[in-house]
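Novice: Single-letter residue listing:
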Amino acid sequence: MMMLEKQEVTLEKGLLDFMEKWKDKPGKEIMILHKIQEVYGYVPRKVAMEVSRVMGIPLAKIYGIITFYHLFKLQKPGKNQISVCMGTACYLKGGNDIIQEIEDLIGVAVNTTSEDGHFSLEVVRCVGCCGLAPVMSINGKVYGNVQKSELPKILGEYSGKEANANG
Amino acid sequence: MKKYIIVWEPDSQKGSPVNNALLKILNEKQLAEKMEIIRSPFIGFTSSGAILRVMPDNLIYTGFRVEDLEGIVNATLAGDRVDKFISSYDNKFLPVEEKDPLSRQFKIVLRNVGYLDPESIEEYISRGGYKALEKALFELGRDGVIAEMKASGLRGRGGAGFPTGLKWELTKKEAGEIKYAICNADEGDPGAYMDRAVLEGDPHSVVEGMIIGGFAVGCTQGFVYIRAEYPLAIERLEKALKDAREMGLLGKDILGSGFDFDIELRWGAGAFVCGEETALIASIEGKRGNPRPRPPFPSVSGLWEKPTFINNVETWANVPVIIEKGGKWMGSIGTEKSKGTKVFAVTGKVKNPGLVEVPMGTTIREIVYDICGGIKDNKNFKAVQTGGPSGGVIAEKYLDMPVDYESLQSIGSIMGSGGLIVMDEDDCMVDVNKFYLQFSVDESCGKCMPCRIGGKQILEILEKISKGNGEMTDIDKIYSISNAMQKASLCALGQTTPNPVLSSLRYFEDEYLAHIKDKKCYTGKCKDLVQYTVIPEKCIGCGLCATRCPVKCITGEKRKPYLIDTKACIKCGECYNVCKFDAVKRG
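If you read the protein sequences in the order shown, they are chains C and A.
For what it's worth, this note's numbering labels the leading residue of the first sequence as 1, then goes sequentially.
For what it's worth, this note's numbering labels the leading residue of the second sequence as 168, then goes sequentially.
The hints are simulated quantities; they were obtained by calculation from the structure and are not laboratory data.
Please note: incorrect hints may appear among the correct ones.
[To be verified] Simulated coverage check for chain C against chain A, where a stretch passes if three residues somewhere in it have a Cβ under 8 Å from a Cβ of chain A: (1) 65-71; (2) 84-91.
[Unchecked claim] Here are a few chain A residues that sit away from chain C, every Cβ distance over 10 Å (derived from the structure): (3) Glu195; (4) Phe305; (5) Ala359; (6) Gly528; (7) Cys736.
[Said to hold, decoys possible] Mimicking SDA-like on lysine to any residue, the simulated pairs with C-alpha atoms at most 25 Å apart in a straight line are: (8) A:Lys302 <-> A:Glu402; (9) A:Lys409 <-> C:Trp22; (10) A:Lys692 <-> C:Val47; (11) C:Lys76 <-> A:Lys302; (12) A:Lys692 <-> C:Lys76; (13) A:Lys686 <-> C:Lys76; (14) C:Lys61 <-> C:Val47; (15) C:Lys25 <-> A:Ile401; (16) C:Lys61 <-> A:Lys614; (17) A:Lys694 <-> C:Asn145; (18) A:Lys738 <-> C:Val47; (19) A:Lys623 <-> C:Asn145; (20) A:Lys564 <-> A:Thr502.
Even glycine gets a Cβ: it sits at the ideal position worked out from N, Cα and C.
Next up, chain C with everything else stripped away, as it sits in the complex (with noise of 0.2 Å):
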């Protein structure tokens, strides 16, 4: 208990402002938590507990809520974020090969960061580019019809510098 109520924590003014916009609406829980996504990048626990606190939401509704929907992450995710789309053209047309390769290539597995945080890699469902297949992106960046040996050269682009997004 101690260690909990040490930790504080100002929030975003943004996310301060959207909260203060939502907080009358129902169902405004999902909402927030976008928005909280959309500043840390994740859903750090200091601040889904002093959202809880401000709104008036219990913490057990939140955490129900963030393990419930796919796009919600508790973890800090990479620098940039490797997606991987695994569709269904997507899958026929070997997305699991290009995941495969790209463990090898960075050394990290699906749905983890590497350590030193530099890349995350996580395998989406359809990104709606089926025409394009096998698709991945990175740091919302779109590549299609992505062959094995081509992976060293698109991921050399990232290796080097920092994301611009969310950086």
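Here the structure of chain C is known, so what remains is to put chain A in place on it, guided by the hints.
Specialist: Structure of chain A alone, referenced to chain C:
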């Protein structure tokens, strides 16, 4: 005359090289007066990257690189064209009025997608937009709208195919002051992206449909439950709502009729089950998206326990056309029980993947071969899959069957949201079904036992079969678990999870038997059941396979038959694919 370049670019997220390069060229050359760039959602039909359509010249460019854009801009200004990038697919993009009859498409839902600036309400209005709303408010009245909807025979495009007019009427009849209209834009079916194309390419058609629906049923508030994974769709929809409000088409006293209606967005968060209506309602209420038993149906007790009706994006986009042209007109298109058109997202092993809108009753052969160009790399057709993880396969013998809700159901598949995945001879049914089961298992919310445990059990049996440990009793087990899931699951997710396996057992049982009895996977997809060997009589000793082998397990001398070390082989199939002499045997 001012030229317009419409850009279709596969990257629908932020940052689009072709669009940005064009804007830069326009800026540098100060061409804003002479030329305008319009970004439109990618609708497929080529796997070669971005597409440009120059209007009013009506030229389609594909296969170009960013460096080539300046040349295209210069040619366009000079009234000329760059021949080497002109596409041969152009008839596929023509609007309805000028469409080539051979293309067999018929565009109602996609009527504006790709032909107007989705961020301009003026353009939507100039193409006859919001006329239907006016007609509904001042001419037809609430009962008139519902009568037209019923006459049209429109059925829900989200999957189950419930008659839309009837749904509206049921909700209208419920007592109570407060009712809600919901648009289900949580397009979660892997392989389906038609809703995204409509939201990004023609958001006003959905907004107009919802206002008309809200008016007919007597709602003051509507919600769009939209996937957070579609940021551009969210942005465009927000813009559309704002513009509509400013023009008095949304909000208080719409067009002076005294009718109040507004629409808000609620984001999904990546849960497939939230496409189920009771789960979707729970999610809008800010809860975990668990479904609940029906009845009571949402029309009686839905969002915040008020009467609610839910239609998906494609259904809503049909509404303005039905109201404007009349229910009878719509009723004249399609088959006896399925009216209008259906948008299919054709993907997989097909030459020209993309979105196709055809009248109900079009055959799979017309869609796959005539419109989409047939199977990629001239391989053999195996099956198409519709309805995603809730649907089933359609075998070759049904290629000429007219597609509608009933015919698909009769052969063990469903219409679903319209994903149509083409499979060729290289796809293994056991492997594909492992994928669908894995999907359903991941997405099961866990509330009811048959879905939570049954799906996992079937998946484990499939994994066992694909590893070569299958027994004949496994097939019986699949049937009996499936039966329990279909009968006892709480919602459609669990009830339909066994569908892909059952339908593939119906048409491709021999493939399962080959895995179980002969311990063979003839497609090579189930890696534990495949072995690659060199046929010495056919091998000329070129050594290509040995060069390409990633684990260097192929050895031999030039001009003599090579040998694969089967113990070291990782079964990637590279040698099989590169051999020009069919000297590598898979089996």
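Novice: What hints, given by number in increasing order, does this structure fail?
Specialist: 5, 8, 10, 11, 12, 13, 18 and 19
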